[in-house]
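Protein chains in written order, with this note's numbering: chain A, 131 to 428; chain B, 131 to 428.
Hints may be right or wrong, so weigh each one.
Stated by the list, open to error - Restricting the straight-line Cα-Cα distance to at most 27 Å, the calculated cross-link-like pairs of lysine-lysine (DSS-like) are:
no.: 1; chain 1: B; residue 1: K419; chain 2: A; residue 2: K419
no.: 2; chain 1: A; residue 1: K278; chain 2: A; residue 2: K157
no.: 3; chain 1: B; residue 1: K278; chain 2: B; residue 2: K239
no.: 4; chain 1: A; residue 1: K419; chain 2: B; residue 2: K299
no.: 5; chain 1: B; residue 1: K386; chain 2: A; residue 2: K259
no.: 6; chain 1: B; residue 1: K165; chain 2: B; residue 2: K222
no.: 7; chain 1: A; residue 1: K278; chain 2: B; residue 2: K419
no.: 8; chain 1: B; residue 1: K157; chain 2: B; residue 2: K239
no.: 9; chain 1: A; residue 1: K384; chain 2: A; residue 2: K157
no.: 10; chain 1: B; residue 1: K384; chain 2: B; residue 2: K157
no.: 11; chain 1: B; residue 1: K384; chain 2: B; residue 2: K299
no.: 12; chain 1: B; residue 1: K419; chain 2: A; residue 2: K299
no.: 13; chain 1: B; residue 1: K238; chain 2: B; residue 2: K157
no.: 14; chain 1: A; residue 1: K419; chain 2: B; residue 2: K278
no.: 15; chain 1: A; residue 1: K238; chain 2: A; residue 2: K398
no.: 16; chain 1: A; residue 1: K278; chain 2: A; residue 2: K238
no.: 17; chain 1: B; residue 1: K259; chain 2: B; residue 2: K165
no.: 18; chain 1: B; residue 1: K386; chain 2: B; residue 2: K157
no.: 19; chain 1: B; residue 1: K157; chain 2: A; residue 2: K419
no.: 20; chain 1: B; residue 1: K222; chain 2: B; residue 2: K259
Keep in mind that the hints were calculated from the coordinates and are not lab data.
Number of protein chains: 2
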Amino acid sequence: MSDLINIAAVQFSCTADPAENLATAIKLTRDAAAKGAKIVCLPELFLTRYFCQTEDPANYELAEPIPGPTSEVFESLSAELGVSIVLSLFEKRTEGLYHNTACVVDPKKGYMGKYRKMHIPDDPLFMEKYYFAPGDLGVRIFETQGIKLAVLICWDQWFPEAARLAALKGAQVICYPTAIGWQPYEQESHGAAQYSAWETIQRSHAVANGCFVVAVNRTGFEPTSNSGSYPDGIQFWGQSFIAGPDGVIIIQAKEKDEGAFVAPIRLKAIPEQRHGWPFLRDRRTDAYKALSETLMDD
Amino acid sequence: MSDLINIAAVQFSCTADPAENLATAIKLTRDAAAKGAKIVCLPELFLTRYFCQTEDPANYELAEPIPGPTSEVFESLSAELGVSIVLSLFEKRTEGLYHNTACVVDPKKGYMGKYRKMHIPDDPLFMEKYYFAPGDLGVRIFETQGIKLAVLICWDQWFPEAARLAALKGAQVICYPTAIGWQPYEQESHGAAQYSAWETIQRSHAVANGCFVVAVNRTGFEPTSNSGSYPDGIQFWGQSFIAGPDGVIIIQAKEKDEGAFVAPIRLKAIPEQRHGWPFLRDRRTDAYKALSETLMDD
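Take the sequences, apply the hints, and build the full model.
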């Protein structure tokens, strides 16, 4: 097979109408395929507004089984277009047990399995611990289109441990479906630093692990439906990007762009980078046991 | 005590004369103290040229015990100036056993102990595995000037595990004495990406751990004394910097600057950052055991 494979980061704004978001995701997946993409990554929980701004039990009704109705739609689309699709959905596992989950569908293999978000945030307007039980499947590798793909989700991207586990399992590409943005009251004071921190840490995972990173965010402003003490809503910052194993950004959407951002990734860049800086050779596995501690304060 | 403490990153070029380098280090430590620094970090192995460009047993003669003659010089200087000093030296532990080591001296406590570089590189012109046995002391915290300081060394900076261990032990500041540069034959093609990767991964440690990072590099060009198949030498890229817990660079030297770069760090920025993005709360310590594996290929 070729050393080059096109990957698409699909960025768009989500409305209050799931049917409309589904139609947008399908349209942009078709656009990505038309541009030559073989793997398409959609943003986190793209079927709905980012409902975790508030704690509302009515939102549990938005969840669905995986595999289930939405994964089946994309399984058909995958087979039709010959592209693999990374799909982030609100998973209903049973009554009262829900996860923030991503699955992969492959044009030949169909539904390939799922990853459940391991690191769950809980901050004002990002109240995910209410909705999502922490993932219990560990980090997984999906072999699709001739590459080894790991899927991690949003808050996972702040944890070098998650990216390292993906690399140790053989990931050549790590996809991060994401929903991150600014809270209006802090955008002016902290917005630039927050965005830069986000881009920086994901580029660092590419560098530390000598692999590609695909970060796919939504865009648009979403108001808080039940604001309490945190008014306004979230301005999602878009800027989805793909970085190479040297940490260099290959393609990047602008904040308010909507579309399929397709770039070729060159798999030989992985050994080239790892031969130049062979970090995996020099890890001190004898000294990392304490990484399983919460804090070494006792 | 005040919430602000001044830290100095001291950057200079090293000559072939250790006495001259010692004099430069002392002069710039005095400059740092005059600018109000309470903690001074010197670059990696500043007493000598970066001798690891070649494998030459004669270089073992450059090593010294720690504590030993050089640490004693800086212990006196520390007491005189009231500053703590992070000192990177070539440690002779016994005949045939050497380490790449840093120690900390405190104006009141004197010699505080040492850290031995855990991750040892070995690449063309950076042949450290020949000279240095991997550190056997783990990551250590030095309580000095009212803060908890960890010292890691150069290649350690590519390993998120090392920074995380420092943070789990309570580090508020991580200092990285460093000697990194471009090989002339690759500077044009890879230089910008290499430098950016270096800055990015250290800023990412600040972000992931909500702590300050002090990266202190040497500058100048050093020819290879015995070039073999890799001619020329190393152009050390300077650009020492201090980053806050939000990953923002507070002060940064230029590539060819020599001097003491002093900036105030504001300790309250640590809880502010960690309260905004409480990553330590959400680590999946139940899932990190495999970080102690070399690769999950079996």
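Taking each numbered hint in turn, which are not upheld by the structure, reported in ascending numerical order? Numbers 5, 6, 11, 17 and 19 - these are the hints that the structure violates, sorted from lowest upward.
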